[in-house]
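Asks: What follows is the residue order along each chain.
Protein chains: 4
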Amino acid sequence: MRPFLAHPFDHDKLHEECGVFGVIGVVDAASFVALGLHALQHRGQEAGGIVTYADGPGFCSERRFGYVRDNFTKADVMATLPGSIGIGHVRYSTAGSKGATAIRDVQPFFGEFSMGGSAIAHNGNITNALALRKELVERGSIFQSSSDSECIIHLMARSMGRTIPDRMEEALRKVEGAFSIVAMTRTKLMGVRDALGVRPLVLGKLGDGWALASETCALDIIGAEFVREIEPGEMVVISSDKGVESHFPFRRLKPRGCIFEHVYFSRPDSILGGRSVYETRRQIGVELAREAPVDADLVCPVPDSGTPAAIGYSQESGIPYAMGIIRNQYMGRTFIEPTEQIRNMGVRLKLNVNRALIKGKRVILVDDSVVRGTTSRKIKDMILDAGAAEVHFRIASPPTAWPCFYGVDTPERGKLLAANMTEEEMREWIGVDSLKFVSLDGLYRAAGEPKGRNTKQPQYCDACFSGEYPVAPSDMIEKGFEMKAAE
Amino acid sequence: MRPFLAHPFDHDKLHEECGVFGVIGVVDAASFVALGLHALQHRGQEAGGIVTYADGPGFCSERRFGYVRDNFTKADVMATLPGSIGIGHVRYSTAGSKGATAIRDVQPFFGEFSMGGSAIAHNGNITNALALRKELVERGSIFQSSSDSECIIHLMARSMGRTIPDRMEEALRKVEGAFSIVAMTRTKLMGVRDALGVRPLVLGKLGDGWALASETCALDIIGAEFVREIEPGEMVVISSDKGVESHFPFRRLKPRGCIFEHVYFSRPDSILGGRSVYETRRQIGVELAREAPVDADLVCPVPDSGTPAAIGYSQESGIPYAMGIIRNQYMGRTFIEPTEQIRNMGVRLKLNVNRALIKGKRVILVDDSVVRGTTSRKIKDMILDAGAAEVHFRIASPPTAWPCFYGVDTPERGKLLAANMTEEEMREWIGVDSLKFVSLDGLYRAAGEPKGRNTKQPQYCDACFSGEYPVAPSDMIEKGFEMKAAE
Amino acid sequence: MRPFLAHPFDHDKLHEECGVFGVIGVVDAASFVALGLHALQHRGQEAGGIVTYADGPGFCSERRFGYVRDNFTKADVMATLPGSIGIGHVRYSTAGSKGATAIRDVQPFFGEFSMGGSAIAHNGNITNALALRKELVERGSIFQSSSDSECIIHLMARSMGRTIPDRMEEALRKVEGAFSIVAMTRTKLMGVRDALGVRPLVLGKLGDGWALASETCALDIIGAEFVREIEPGEMVVISSDKGVESHFPFRRLKPRGCIFEHVYFSRPDSILGGRSVYETRRQIGVELAREAPVDADLVCPVPDSGTPAAIGYSQESGIPYAMGIIRNQYMGRTFIEPTEQIRNMGVRLKLNVNRALIKGKRVILVDDSVVRGTTSRKIKDMILDAGAAEVHFRIASPPTAWPCFYGVDTPERGKLLAANMTEEEMREWIGVDSLKFVSLDGLYRAAGEPKGRNTKQPQYCDACFSGEYPVAPSDMIEKGFEMKAAE
Amino acid sequence: MRPFLAHPFDHDKLHEECGVFGVIGVVDAASFVALGLHALQHRGQEAGGIVTYADGPGFCSERRFGYVRDNFTKADVMATLPGSIGIGHVRYSTAGSKGATAIRDVQPFFGEFSMGGSAIAHNGNITNALALRKELVERGSIFQSSSDSECIIHLMARSMGRTIPDRMEEALRKVEGAFSIVAMTRTKLMGVRDALGVRPLVLGKLGDGWALASETCALDIIGAEFVREIEPGEMVVISSDKGVESHFPFRRLKPRGCIFEHVYFSRPDSILGGRSVYETRRQIGVELAREAPVDADLVCPVPDSGTPAAIGYSQESGIPYAMGIIRNQYMGRTFIEPTEQIRNMGVRLKLNVNRALIKGKRVILVDDSVVRGTTSRKIKDMILDAGAAEVHFRIASPPTAWPCFYGVDTPERGKLLAANMTEEEMREWIGVDSLKFVSLDGLYRAAGEPKGRNTKQPQYCDACFSGEYPVAPSDMIEKGFEMKAAE
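Residue numbers (UniProt numbering), protein chains in the order written: chain A, 1 to 487; chain B, 1 to 487; chain C, 1 to 487; chain D, 1 to 487.
Watch out, some of these pointers could steer you wrong.
All copies of an identical chain are treated as equivalent in the list; a pair is satisfied when it fits inside any one copy or across any two copies.
[Stated by the list, open to error] With a cut-off of at most 27 angstroms between alpha-carbon atoms, the simulated DSSO-like pairs for lysine-lysine come out as follows: (1) Lys-74 with Lys-378; (2) Lys-361 with Lys-205; (3) Lys-378 with Lys-359; (4) Lys-415 with Lys-479; (5) Lys-205 with Lys-350; (6) Lys-350 with Lys-254; (7) Lys-74 with Lys-174; (8) Lys-134 with Lys-188; (9) Lys-205 with Lys-359; (10) Lys-205 with Lys-380.
These are calculated hints, taken from the structure and not from any lab test. Note that the structure is predicted; figures quoted are calculated from it, not measured.
Throw the hints in and build the complete structure from the sequences for me.
Replies: Right, here's the structure in full:
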C-alpha cells in the first residue's frame, strides 16, 4: 500500500537518520557520489538517490530503494548521471513502516525555479515542518512526498531571493530543528549546518575539486583529503572558479553536536570533532570498567557495535576479550519460519553463540545501547542456552529515556525501556546477573571532556539521555508531547 | 537518460493522444478502471496509471510503464488500490522519445489541497501551457513533470475556490486548447470537455454506479450501459448521494469534434457522435470507390486499420475483397538485425504478403492515412516483390498536411509528406500505379454530413487536413509556427 | 509447483503443437533463427529456445518462457548465441498445465556424445514414448524433462552409429508417431519428416546458406527463397561444403499430411502442399455457403481465424461481409474480476460486439472449429445481448470428435462436444438458430481434392474428424484409449 | 556466454568448496534446509538449491543463483518445496568464471531410476571424474552439467543395485577423491563421507527428526542438538521408521581431515573434530606470538578472518589488540571506477584504515593466509598511507604452496606466491618490515596435536602446505600436474 500522505507525522516512526554527500570539479561526479554514499550506507539502508548536472541533458536524477552497491554500480544507471557536479543521499529504513515509503520520499529533492534548478539532500529533522507545510499548502504549493525536508525546497521556490544560495538562506531561516544539508545548482555545491551543529558535515579536497560528506570515512573511500568540519551555523558555497566561500547566515549559538554520533551512528574509522570515533568508544569501555567492574572470565562484544567498548573494558579490567557471539555476515531478509517454531529465530539468523567457548564461563557482554530491551533478552537466552555460568551486561551509553527529534528514528517514549523502568527493574526484566550503563559524565569524559558534562551548558546534545532538548520540538508539542519539567 | 525537464515543448514529439476512464459507486473500483483502460489501450500504449480513494489508506496511486494487461492484472498491484471510486489514464508512446519520459510524467496527477486531495487525468493538449507554466514557476510552484497537463493541478492549488469542483472550473477557464478530463476527490467523480468538444468523453451507468470513458467500447467491457456523451463545454460532478450534476461553465461555442477520431483513433466498435465508427469507415471506402475507381482484381486492406474502408470499397466497386497482407499478431520489440541485412526488415516483422494470392494480380491497397509515407513505400515494395501486376493505393482520409495541436502526436510540418508534395508527386515518390485520397467532402459525407463540409463553419475540427485551427496554438506561434494565411 | 515428472503422460494435456526452424551458412545465425521463430510464434507461445555452435565457446543455448520477441530481441541474450549455424523451437502453452512445465522441458534438447554434441528440435508426438522411456531408464539413462521428444536424444546417445546423422537415423527407426525434426551438429544442419509427413517442414535458400522451417512464412520473414517441402520420410543433411544431401531411411508410405494445418494451424500466408493456406480457407467458406446456405443480413467472422472462410461464404452467398465482432489487440493476462461480476468477462477481454452494426440483424458467424463449444456459447450471448435478430453458426471444419495423438493438444474425448452430441444437440446447447459444419468431402475439395475424400486411402490425416488413425497410438492404447471399431 | 561444457576441467578454476545440508522427519523441511544453508553460506556464495519430496507433487526442486537469504525466503519459492524431507547445497563463486556457470551446474542433482528418484548434494572433488565421464559418455549417458559431481548420479543410474542406497554405495566405490555427500530418496536421508574424511559432515537431532550438515553452526541455527560427526568412511541411511542406520562400505583408512577447515573455511562458532574452531584459531595466534615475536604498539586483525588469531597474538604478546582496519559491512558489487582513478579502489570498497589510531604506530597485522599476495600489498599501502611507522605481517597458516584437489578452489601453482618465493622474497615483494608464517608444527599444535605433525603419518590433509597428497589426483596427473618428488 503506497497511499498519498498529507503529513509526514502520520507515521509511527517519525524521523530518519540519513547520510549526505556532494562533489564538484571532478570528472564523472556520480561515481564519486556513489562511492561516498556507499561509505555512508550505515546511516541509511532503505533507499538512496543521486542528482547530477551536465550541459545538454541538464539535471539528471536516479532514486532507488535498496543499497548503493546494488543500484549505483550498474553501468546503465550510472550512464544516466553525467556531469562534474553531483549530490546524493541515503535514507534509513524505519522498521515496520517500509511499505508506506514511496520512491517520491527518497532524496535528493529537486525544484525548477525561474533562475534554474536546485537539488537538496537533508540529514536531520525539521521540528516545525507540520506548521510550515500547512501554510505552504494553503498558499498553493503541491507536496510530492511525506518528508519534512520537502518544505525547504518549497520555501526556496517562493523566496524572492535573486540567487539560489540567497533563497536557501532565506528558506533555512524559517526552519527550526537540525539540519546538515548538501545542495547544488548547475554550477555550485552548497553545504549548510544548523547553528547547533547537531548533525555532522565535513569538507574534503580532491585534486582541483571539493567534496562534502556526513563523515570523514566517505572522504577516505574516494581518496580525498579531510580539510575541516563545516562549522555549526556555517554555509559554504563552492564553485570551480571561486572555490569555497563561507558565511554564517544564522544567529550564532553555542554548538551542541549529537553525542550519539560518537556512541553509535558514526563509523569507528571516522574522525568527529577532532577525535577518533573508535578511540572514544574504546574509552567508554575503559570508563565502564572503572564505573562498573565485575569478576568474570570473558569480555564479549555484542557484534559489531559493542566491539570497541568491549576491547576497552577488557584492557582496563584485564579480563580476556573473546568473540563469544559470532555474527552471520549474510544476514538479510526474513526467512519463513518452520511450522515447528524455532525459539528466538530472528536472532539466530544474525547471531550464533560460540558454544564451546562460552560453556561454564562468567561472561560480560558489552553492547552500545538498550532501546526496547527485547534484543538484549534474546541474546541473554542464547548465552544461557549455551551454558554460560553468569551473564553481565555492560552498556556503552546511559539509559535511553527520551525520543530524539533531530533526525534519529526512535520509538515513542512509552516503548523506551529506560523511560519506564529503573536500572534494577531493567536488569530483572532482561534477566541477567548484572546490568550497568556508563554514566553521562563517564560518556562525556570518554568523548574528550575531562571534567564531564557541564550541566549548565552541556557541550553536546544528549536529549535522548537527559530529556533536555536544545530546540523545542514545536510540532510534537502541538501534537501533545510533554517535555521534561524544568528542574 | 531521464533528465529533469523544465518545459514540455523541448521534445521532438510535443503531444500525446491519451485515454481516460473513471468510475464511482462500485465495489473494487480499480478493477473496473483497469478493464476500462484495457479497452482504451489503443489510445496510449506507453504507460498507465490508476488512482483510487478509500477511507483509511486515503488516496492510493500506481503509475507504470507498459500495458494495462501487464501491470494492472497483478494481485499485489491491485491490492494497493482499494476503494469504490477511481480514475485512470493511458498514455501514448511517442516513438523515439521513450527515454525522455519519466514515471513522473505518467498521469493521473495528484495534488493535496487544504480541503483535501484531487487527482486528474487529461486527454488533449493545452495550447498555452508554456505561458502558464512560466508564470506558475515564477510564483513558486514546483513542477514535477514535463507534461502540459500538470498546469491544471497547480492552477487548482492556487485557486481561491472553496470546493475542488470550483477550483477545477477556475483553473480550466485559464486554459486554452483541447481537453477531456476525468477527475476525482474523495467523494466525487468529475468529467469535463472543452467548449469545442475536440476529444470524446462518454457517460455510462453501471448498477448504482457511474462511469466516464473516452469511448463507448470501455463501457461495453465492464457491462455498463451507454447513457450519453458528455457535451462540449459541459462539466459533470457525480456523487453517490446526488448522482450526476451538470453545468456549463465555459463560453458556449459551436462544437467541432476531431474528425480523425472517426478515421483512425477511436475503436471501430465505439459509437461516436451517435454513429458507429466502423460504419463511418466502411462508408469512407464507399466514397473512395465512387471518387477514385480503378480496374483491378483484388481490394486488400493494409491491416488492421484499413479493413473497414477496404470492405466498403469492395462492396461499392464489386472487386473482391481479400487478405493480401497478413499481420503478425505477435509483433513487438525490435529484433537484432542479422549482419547480412534483410530488406525492409521492420515491416516484415509486422506484415507478410500472401504471396500465392497476390502473384500476377492488380491490387488495390486501402490504408487509413499517409503521414510520412515511408511505410507506404515499404508495403509497395513487399507487394511488388511478391509479383503483383499493379498496385493502387486508396487512402481513407484526405492528405495530412498540418500538425495537430489538440492532443495528437504528429511530426512537424516539414516531415508530413502531403505538406511538401502534390498527390502526383506523392504517387511517384511512393512508386505506385495510382494513389488517391478521399476528398474532405467525401469524408464529411461518410461521417454523416450529407452535404459535405460547411466551409463557413465546419462541423468538425479538421485542421490536420485543412490547416484551419479552431483555437490558435499560442505557445507554438510564440515558438515560430506559421498558421495558414487566411483566404 | 514444478515437480520432477517421471512420465510425460501424467498431464491432462498430452501433447504440444510446436514450430521448428534451423539455418546454416549465414553470419549471425541466431538472429535468423529468432526471426524465423517469431514468424512461427502462432505454433507455440509458451516458450522458445535457440542453440547455436561457434568454435571457441562451442554449443550455446538459451531457453526461455515467453514470446520470441520478448526474449530473443535482447542484445545480451543474443550475444550469448554466436555462430553461423543454429536451430530453434517454439512450444505451445497448454492451458491449465502451465505451472507444471519447467524450463528443462523447453527444446532444443542437447546431448554430448563421444564424437561431439548434437541438438534437436521436434514438432510432433512420439506415440510409443512411454515404452521407450521405461526401457531407457531401466538401462541407466537419466531423463531431464517430461517431454516425449527427449527419448530421441537418449536413443542417439546409446546408438552405435559412427556419425551423428547415422545415430539420428537409428534412433528414429525406433520411434513411432509424427515428427518433423530440425537438428544440428557442429557443422551440419539436419531435417527429417516421418514417413506419413504429418507435420510440415520446408527448405529455403538464403544466399549461400540454407534454412529449414515448419512453414514458408518463416522463410519470407528472413527473405529466403522457398525451395521445396522436405518430403514425407526424407532426411536431409546440409553442410556448407556438400550442400543438401537427401535420403529416405524409413519404409515408404503413402503420405497423409495433417488436414488441420490447412484449417487452423498454419498461417494463412504460408504455402502448404503447393496451395495457399488462405485460399484453401476461403474455399472452405465457399463450400460452406453451398452446403449450408441461410437467408441473413451479414456474414461475420469470429476473429481472427474465421476471417478467410467468412470472406468465401460472403462471396459465394452474396450476403455482405462485415466486422460484427472486434478483437482487442492488446488481450493478454487475466484481469482481476470485480467483485460484482461481469457476465462473460473472459470473452469481453478479447472480443467486443460492434453493437451499432449488429442490432436487429440476422447474422451468420463463421468460425474455424468447435472443440468444447463453451466459447461459441459466450459469443452467441454477446451477439444476442447486442440485439441481433438471428444467429447462425457456420463452422469451417467437420465436427472434431476424436483426439489427436500426433502433436496437437486436444482435450480428452469426453470433453469434445462433437464426441457426445449430434449436430442438432450441439445447436441447441450452443443456443443458436442454426449450426452447420462443412462436410469432410467439402473440406477435401477445398484442400484441392476435387473428388473429395478417398475413403479407401484418405489423402490426409483426418483422425480428429474421422477417428481413423494412420498410426496406432500404442502408449494411449496401453493406457486404455479405445479406437474406433473398424467398419 | 553459457556454452555447453563437455568436461569440467576446461575451466580455469577447477573445483568448488561447498556446503551441504539435509533434514528428515520435520514439518516443512524446506524451511529448515533454507536456514541450514544460510548458516553455511560462507562455504558457497554463488548459487544454492533445495530438493524436497512430498506425496502428490513428488520431487520438487529449486536451484538459483545468489544468496540463500534472497531466494529461499520468498513465499512463492518456498511454496514450491513441500514435504518433510529435503536436502540442499550452496556453491562457491569462483572469481572470474562466473559467466561460465549455468544453472544446470547448481546442485542438488536429480535422477529418476526405475525404483524411484534420488537427489544428491556433494561437497568435495572427484579426482578421477574426467576418466569416469569419458567412459559414461561412451556408453550413452548424457551429462547435463560441467560438474564432476554429476558422475555419481550417472553411476547410480547404471548400477544394478536393487535399492538406491545400494546404488550409491556401488557408485561411490568407483569414485576417487574427497566427498561429503547428503542425498535423499522419497523416504530416506543419506549421508556419506569418504574414507579419509577430508570434508566435514555432522549429524544433529531435531525433535523426532534428524539433520545432516557440513558444520555444527547449521545445527545451531535450527535449534538442533549436535549428536556426532559422521565418521570418515561412514554411510548413514536415515528413515522415519528405522532411525539412523550406519555402515562402512569403503576400505578403512587413517583419517586425514582438511586442516584448512580449521584455518579458514569453517565458521569460528562451529565445532570440528571435537574442538572449537575459534579456539584453534586463537591458539594459532598464540603460537605465532611465540614463534615470531616483534616489538610493536598494536596488534590488528585483517578483518574478519584474522580476528581470532590476532586476539591470541595480543594475549600472548601483551601488545594491545586494536581495530586498525574497519570493514565496510555493505561491500558487494564492483563500483564503476571514476575516470580519475582511485588508488587501490577495490580494497577501499571493503576496508578502511582507522587513520587516527594507526598514525605513527608500529602495527602487527594478523591475516589467515597469503595466496597470491596482491591483497596483502594493497593493505600494506593503505596502512602506510595512514602514517603507520612500521608494518609487520603475521600469517595464521604456513605458506600455501600447492593447489588443493579435494574441493577447494585454488589458483594454479604458478600463481601461488609461496610456490615461487622464499619468505624473505615474499616480505620484500609485499613491502613490509617483517613477514612471518606459523610453522606447520605450530599449526598442528594449535589444532590439538601437542607433539605437532606426525611426518610419517600426518594427522591431517595438509597438501596445500606440504605438497603431500593423500590421494593421487589422477585426472590432473593425466593433464600434466607434477607431484612433489618423494624425499
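Asks: Hints numbered earlier in the text: which of these fail when held up against the supplied structure?
Replies: Hints 6 and 7 contradicted; others consistent.
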